[in-house]
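Q: Dock chain B against chain S, hints included.
Sequences listed follow chains S and B, in order.
So for the first sequence, this note's numbering puts the first residue at 1; every next one is plus one.
So for the second sequence, this note's numbering puts the first residue at 1; every next one is plus one.
Calculated directly from the structure, the hints in this document are not laboratory data.
The C-beta atom is built at its ideal place from N, Cα and C for all residues, glycine as well.
Treat the hints with caution; some may be incorrect.
To be verified - Pairs of lysine-lysine, DSS-like flavour, derived with a Cα cap of 30 Å:
#	chain 1	residue 1	chain 2	residue 2
1	S	Lys114	B	Lys109
2	B	Lys91	B	Lys166
3	B	Lys109	S	Lys64
4	B	Lys166	B	Lys42
5	S	Lys114	B	Lys141
6	B	Lys109	S	Lys123
7	B	Lys115	S	Lys82
8	S	Lys75	B	Lys109
9	B	Lys109	S	Lys111
10	B	Lys141	S	Lys141
11	B	Lys115	S	Lys111
12	S	Lys141	B	Lys115
13	B	Lys141	S	Lys75
14	S	Lys75	B	Lys168
15	B	Lys168	B	Lys42
To be verified - With the C-beta cut set under 10 Å, the calculated list includes, among others, these residues of chain B facing chain S:
#	residue
16	Glu86
17	Asp111
18	Val151
To be verified - Chain B regions said to be covered by chain S (calculated; three or more residues, Cβ under 8 Å):
#	stretch
19	76-85
20	101-110
21	138-150
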Amino acid sequence: MNLLVIALKILIDLAMHTAFARLNAVCAFNLSTLAALTFLCFASTFFNDYNTQVSINAANVVLKNVPDYIVSREKNDLGILKIDVTSDLEPLFNWNVKQLFLYLTAEYESKNNKLNQVVLWDKIIKRGEKALIKIKNEPLKYYFWDDGNGLLGHKNVTLYLSWNIIPNAGTLPRWVGTGTHRLTFPSEYTQMRTNF
Amino acid sequence: MFSKESLVFWGLEDLSRMNFRQLIYQFLNFAMIVSSALMIWKGLMVVTGSESPIVVVLSGSMEPAFHRGDLLFLTNYEQEPIRAGEIVVFKVEGREIPIVHRVIKVHEKDDGSVKFLTKGDNNNVDDRGLYANGQAWLTRKDVVGRARGFVPFVGIVTIIMNDYPKLKVSTPFWDYLALLFLYIGNDKKRNALR
Numbered sequence: 001m002n003l004l005v006i007a008l009k010i011l012i013d014l015a016m017h018t019a020f021a022r023l024n025a026v027c028a029f030n031l032s033t034l035a036a037l038t039f040l041c042f043a044s045t046f047f048n049d050y051n052t053q054v055s056i057n058a059a060n061v062v063l064k065n066v067p068d069y070i071v072s073r074e075k076n077d078l079g080i081l082k083i084d085v086t087s088d089l090e091p092l093f094n095w096n097v098k099q100l101f102l103y104l105t106a107e108y109e110s111k112n113n114k115l116n117q118v119v120l121w122d123k124i125i126k127r128g129e130k131a132l133i134k135i136k137n138e139p140l141k142y143y144f145w146d147d148g149n150g151l152l153g154h155k156n157v158t159l160y161l162s163w164n165i166i167p168n169a170g171t172l173p174r175w176v177g178t179g180t181h182r183l184t185f186p187s188e189y190t191q192m193r194t195n196f
Numbered sequence: 001m002f003s004k005e006s007l008v009f010w011g012l013e014d015l016s017r018m019n020f021r022q023l024i025y026q027f028l029n030f031a032m033i034v035s036s037a038l039m040i041w042k043g044l045m046v047v048t049g050s051e052s053p054i055v056v057v058l059s060g061s062m063e064p065a066f067h068r069g070d071l072l073f074l075t076n077y078e079q080e081p082i083r084a085g086e087i088v089v090f091k092v093e094g095r096e097i098p099i100v101h102r103v104i105k106v107h108e109k110d111d112g113s114v115k116f117l118t119k120g121d122n123n124n125v126d127d128r129g130l131y132a133n134g135q136a137w138l139t140r141k142d143v144v145g146r147a148r149g150f151v152p153f154v155g156i157v158t159i160i161m162n163d164y165p166k167l168k169v170s171t172p173f174w175d176y177l178a179l180l181f182l183y184i185g186n187d188k189k190r191n192a193l194r
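Isolated chain S (complex conformation) (with noise of 0.2 Å):
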């Protein structure tokens, strides 16, 4: 009797399942289960280190002082130069990183500003792509212009190369390259037309 009554039971219970109530129980089934991944894919590589050695050059340094008239009609600063960049990102590959975006900031102090932070170049690097960094001779990618006429005769502006990585989830760390070059302007203005 008992049994009987525990097998209608089911039976209704069965019944009582629409596809509604599966289709919802089968979704929520995937979602928690790829919450859970996406969170493990994240926790396993929160304390990663992502520092590796970058070597950077530039030459052919040149300073114009011209208007940037997006900005005023003032004159400003605008350093005009080539670089080298050499560096394997291959390491700093894992499972949780879907892109490294790289650039490379110029960093100084001025009469004007405290400091300066001015990226000269950069580079997305896709996971799968080749992340060994090669370049020789490049011009710079953005315009180098000062906050004013900071950069006459400066002897210590800082070239680094720094790294945002994007996670598949997770953070968004930004890594600095170890190995730096220290820059130096000529104290005098060049009157020749120059390419950028």
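A: Same frame as chain S, now just chain B:
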């Protein structure tokens, strides 16, 4: 209170089967879900210091890092300086939707006041064309938050509703939400009765 016919008309015949206590329970359950969502949101605002601690990426200007529908977690602590290379979310006068882009230039004075320039990874030019007329730099007060965490794809519902505004008023969408709430409610009740 309501006639059975009118409840059937509104698709709420379930309600006519409930007694007063069950009705109250269902209503409180719903209020609980809504208010806890609000509490979490406001709580996050306090903890992160950002007026909108979670944003959905709405444009492809940061591809391939962020695609439309990805979710970003933001913080906006006053004492943390703005530095080149970080991804900020900022508002521009005359534009309602905040923009998620990367800082490419920083000029910081002795007193700590800072002006900076941004650019989208996927754009060819910097953002001066996006700023207000005559504006060449962003300052600290333009920043809504700075990207700290990333989860892909989760905000896709927002994108779909933005692209197809008709969906917001469509019945299947709200039906699904209503069913979800009822399902959660019934599940709890069943567990409570067990």
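Q: Run every hint past the structure and note whether it holds.
A: Here's how the hints hold up against the structure:
Our distance criterion of 30 Å between C-alpha atoms is met by lysine 114 (chain S) and lysine 109 (chain B), whose separation comes to about 5 Å. Distance restraint check for lysine 91 (chain B) and lysine 166 (chain B): the Cα-Cα separation of roughly 27 Å lies within the 30 Å cut-off, and the hinted pair is therefore satisfied. The suggested pairing of lysine 109 (chain B) with lysine 64 (chain S) holds, with an alpha-carbon distance near 23 Å, which does not exceed 30 Å. A threshold of 30 Å between alpha carbons decides the hint, and for lysine 166 (chain B) with lysine 42 (chain B) the separation of about 29 Å falls inside it, so the pair holds.
Taken as a hint, the lysine 114 (chain S) and lysine 141 (chain B) pair is honoured in the structure, with Cα atoms around 20 Å apart against an allowance of 30 Å. In summary, the hint linking lysine 109 (chain B) to lysine 123 (chain S) is supported, as the alpha carbons are separated by about 29 Å, within the 30 Å threshold. Of the pairs offered as hints, the one joining lysine 115 (chain B) and lysine 82 (chain S) holds, with about 27 Å between alpha carbons and a cut-off of 30 Å not exceeded. Distance restraint check for lysine 75 (chain S) and lysine 109 (chain B): the Cα-Cα separation of roughly 20 Å lies within the 30 Å cut-off, and the hinted pair is therefore satisfied.
Distance check on the hinted pair: lysine 109 (chain B) and lysine 111 (chain S) sit about 9 Å apart at the alpha-carbon level, within 30 Å; holds. Between lysine 141 (chain B) and lysine 141 (chain S) the alpha-carbon distance is near 29 Å, which keeps this suggested pair within the 30 Å criterion. Distance hint between lysine 115 (chain B) and lysine 111 (chain S) is fulfilled; the C-alpha atoms sit about 15 Å from each other, no more than 30 Å. With a C-alpha separation of about 21 Å, the suggested pairing of lysine 141 (chain S) with lysine 115 (chain B) holds against the 30 Å cut-off.
For a cut-off of 30 Å, the pair hint linking lysine 141 (chain B) to lysine 75 (chain S) stands: about 28 Å separates their Cα positions. For the suggested pair lysine 75 (chain S) and lysine 168 (chain B), the alpha carbons sit about 53 Å apart, so the restraint of at most 30 Å is broken. A hinted pair counts as satisfied when its Cα atoms are at most 30 Å apart, and lysine 168 (chain B) with lysine 42 (chain B) qualifies at roughly 24 Å. The interface hint given for glutamate 86 (chain B) is met, as the beta carbon of that residue sits about 6 Å from the closest beta carbon of chain S, less than 10 Å.
Residue-level restraint check for aspartate 111 (chain B) holds (minimum Cβ-Cβ distance to chain S is 9 Å; threshold 10 Å). At a threshold of 10 Å, the smallest CB-CB gap from valine 151 (chain B) to chain S is about 5 Å, leaving the interface hint in force. Coverage of the stretch 76-85 of chain B by chain S holds in this model, with 3 residues showing a Cβ closer than 8 Å to a Cβ of that chain against a need of three. Three residues within the 8 Å Cβ limit are the bar, and the stretch 101-110 of chain B against chain S gives 8, so the coverage statement holds.
For the stretch 138-150 of chain B, the proposed coverage by chain S is satisfied: 4 residues have a C-beta within less than 8 Å of a C-beta in that chain, meeting the threshold of three.
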